[in-house]
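Chemist: Make one complex out of these two single chains by using the hints.
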Amino acid sequence: MKFLVCISNVPDTTTKIAFTPDNKEFNKAGVQFVINPWDEYALTRAIELKEAQGGGTVTVLNVGEADTEPNIRKALAIGADDAIRVNAFPKDAFFVAQQIANVAKEGAYDVILMGKESIDYNGFQVHGMVGELLGIPTVAPAMKLDMSGNTATLEREIEGGKEIVQVNTPFVASCQQPMCEPRIPNMRGIMTARTKPLKVVEPIGDAPRTAVAEYALPPKKQGVKLIPAENAGELIKLLRNEAKVI
Amino acid sequence: MSVLVVVECDGGEVKKSSLEVASYGSQVAQLLGTTATAVAVGEATEANLAKLGEQGITKVLYDAEPRLKDFVNGAYTKLIATAAQKEDSKVIVLANSNIGASVGSRLSVRLQASLATNVVELPKTDGGSFLVKRGAFSGKAFADVKLEGERKIIAVKKNSIEALHEAGKTAQVEGFSAQLTDADFADAPKQVVMQDQAGGILLPEADKVVSGGRGMKGPENWSLIEDLAKAIGAATACSKPVSDVDWRPHHEHVGQTGITVSPNLYIACGISGAIQHLAGVNSSKVIVVINKDPEAPFFKAADYGIVGDVFDVLPKLTQAVKELS
Ligand SMILES: Cc1cc2nc3c(=O)[nH]c(=O)nc-3n(C[C@H](O)[C@H](O)[C@H](O)COP(=O)(O)OP(=O)(O)OC[C@H]3O[C@@H](n4cnc5c(N)ncnc54)[C@H](O)[C@@H]3O)c2cc1C
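Residue numbers (the numbering used here), protein chains in the order written: chain A, 1 to 246; chain B, 1 to 325.
Mixed in with the good hints, there may be bad ones.
Simulated crosslink set (DSS-like; lysine-lysine; CA at most 30 Å straight-line) [unchecked claim]:
| no. | chain 1 | residue 1 | chain 2 | residue 2 |
| --- | --- | --- | --- | --- |
| 1 | B | Lys-217 | B | Lys-169 |
| 2 | B | Lys-217 | A | Lys-144 |
| 3 | B | Lys-292 | A | Lys-225 |
Hints in this document: simulated from the structure, not taken from any laboratory.
A quick note: this is a predicted structure, and the numbers were derived from the prediction, not measured.
For reference, chain B alone in the conformation it holds in the complex (with noise of 0.2 Å):
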């Protein structure tokens, strides 16, 4: 019986997100005595597979199946499956990404296991029953979500675990077939299309964010964005209103119905702070705000704020930034 930890790979690299929930299932197999054994997505190097043994994982089971290198949902769905009746795991952990919430919710059903998504604490195990803390009513709350019978899967909210690094220890890496068919990639993509990312950062995984709303006044002007963002390597993001106009690509719009962030700091500028743009990045540790509005309701929920023109403080900041290093 082993805990599952579901690690996706991108280029040969395990994703940010997933060393998290490397850390986060060792952390729940050393709380249920057992250990941990990931299962890797995507297109992985055994060097970096190995390396899983620094967030705790004891063994990596990795197939290497060349059409496994981008996602599809049937093949993923069986292949998780079938290392988890191999590992005989009762709980599995993975990212609450596209990804990790598309196979998670098709396995809960597979293997009967109670499914909890958005989840941001380790869980407690008090008592015999299982309790998991997860964001509920988009950010503006929490619940402590009770999971029910024998096997579990938590699929972790990015940026709420910090990721272990022992440094030194590996993993062992098997190879491991799950006797994949043509059938099973049936729901292969025809076409995968990578949008150019700022500075090559994912806005969902970064750790760090410069947001700009409509009080940047025009696409032109994002070159201010840009620069700060650049300076202190974080992605850029924008409001709702932003990408309706085609300022910004929708693949930046933040909030209610855009990308939920969490990062460690989260740069907002000339935005106001509306509730639905609040909900998708009020889980951000530190808030920074830019306004020339100081009634703004974004002041409310920031840690940080200055009240003044983009125009002029953007700049400055980017410099104080430059003289730093």
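Isolated chain A, as found in the complex (with noise of 0.2 Å):
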């Protein structure tokens, strides 16, 4: 079985954003960046699944310039075969659905898989519209993946509980918890990943669909009213009276 991995390259967990003078891009100085937490769930997925298969391929693809190849090595480092990178900064979900298409077509993977949503541009749209673009279901968010055969059995969230979807492959899925404990590489994987081929296409497809006017941090707290512990119940009375929320 052939599985495709999508990972997006962004800023870490702990980042203070801050964007560049005009507020048009993200102020990538002095920030590290990571493989999207959500899509290390797909990435170990995957990687379990082909294990427990004893065969098959685990390919990651990346739209990103090159300065994402770092952590693509490190998706390789994980445990993936070889890598993909579109080279193309990712203009919008749409342009970068498309890259994830042509690129599924050509292979002929039999499931691909991805985080649930970017946590830079938290646009949760990609895994509907590559779905889409190919002709194939998905399934979003998936918080379990299991594989019998050509036959997904899926656990995906709705509101106020789940459900059980069965779907046949190709197919797509967005991944989040609890599906897997990501993996973290080793030193025989960061060893191995070296060598391990990383493919650099050019992008094709139409224009994007949306842009980016302008950032904006939100608001400044006003700063926090504390209350001393022995009257914790005044606190209510404010809640009431002053912030009218209860």
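Modeler: Structure, rendered in structure tokens:
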């Protein structure tokens, strides 16, 4: 079985967010980039399923410029077999979805996995777009994925519960916890990752459909109003009379 | 040309987030000089759909096909696409829910529409451009996004738009068939399992949330959280380490890798306020923090705070609520 796992390159989760002076772009200065945490669930589960099947391949795919390669190598170190980088700045979800769909079509992948959303743009869109572009089912967000032959059984989160869904390959799933325990690379993985193939291809497809005009930070909080623990009940009065939330 | 609003229904009722979406859609319609039509998905009653008039909806399309009761991606996508074509809708509005995002992203490709999710404000339409404000960087920032092209789809973040209530106004409910076939139900769920929700309040939709962290020390102490939640009508939540060690179920974990909530009131008990936790809760309108460590980072994000022991403070709060009523 051929797995395609899409990973995005995002600012480390502890990053303090800042923008360029014109507020048009994220300010990358001094920021460490990591594999999107949700994508690690997709990657690890693909590797686990491949191992359980005793064969097959896991290919990682990233749409990004050359500076994303350290994280692609990290995905190879975690256990992917090979990698493809579509050499383009990921302009919007539709642009990225087109690149993924192109690669998926070309390589005839059986299972396409990705994280629920990226923690920078929080789109939660790419999964559905890829599914629709390829005319195959999408399951999002998936909390569990098991395979038996060409049939996958997934748990999909819905508000207030979950659905058990069965689909046949090929399909797309966007992954979230508690699907698996994401793996971290070990020394052997890091050594072998250096020699694994990483192919770079040029983008194709239409122009993006959305553009960020401007970024902004949320307004600063007024500062916390402290209530002494002895008079804790006073808080409830403030929440009713001042904040008007209860 | 009308604005099309997707309303999700459950057990006959229109979901709270869909009342917000309906209100958003009717205000967009007003901005564009047109009317708003809703298309209902899930299990609805005609009486409840007619009440969408209170949110400014003129007409509701309802396909009574029983298999639409549970979410089926293929069928919902086709149903909404058919309604959009019938209404010649250039703008489609839906909830930024798991259903909304699943369908919205497929629809955007099918209808060649631009799409913005996580939207928190009404659009700005000056000078022919169409700008929406959306949350980005896990709640740590906002982005104004320009939607290109003739068709646009907007997924509205929960609790970010006040629902309208024009008492007594009704919408006309119209039978509608999208001619769904068995093939459209190929990805239908085999089973739907609902979880027990504290007090029957769904966390992602909740207006108030009481949340506990590792400072609660163990699952046996959660009755303190539940008692306060019950007293004020809140849902319960927790930090990631709490669900990782199974003190609480995974569907209660909020934060960057959990559920994002934006209630009017978020009460954090024994939670440090790590940046990944804040990412899922910092768009709450009022944040209350109870922590015995005055240096806990959460106090920087809070509106109200008590430096104290949760085991001492929580019963006092519950008691004070009871004395109010
Ligand atoms: C990639 C990544 C993603 C993550 N995603 C999430 C996420 O989605 N959600 C999330 O929550 N975390 C997430 N985390 C974890 C996060 O970094 C923190 O570890 C976590 O939020 C800490 O949880 P906590 O505050 O409950 O526990 P702790 O950090 O242990 O804090 C406990 C707090 O309780 C206080 N306390 C102790 N006893 C008492 C008492 N008796 N009375 C009052 N206060 C008391 C302490 O002073 C302390 O501030 C993520 C981490 C990473 C690396």
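Chemist: State the violated hints by number, sorted upward, taking the hints as numbered earlier in the document.
Modeler: The structure breaks only hint 1.
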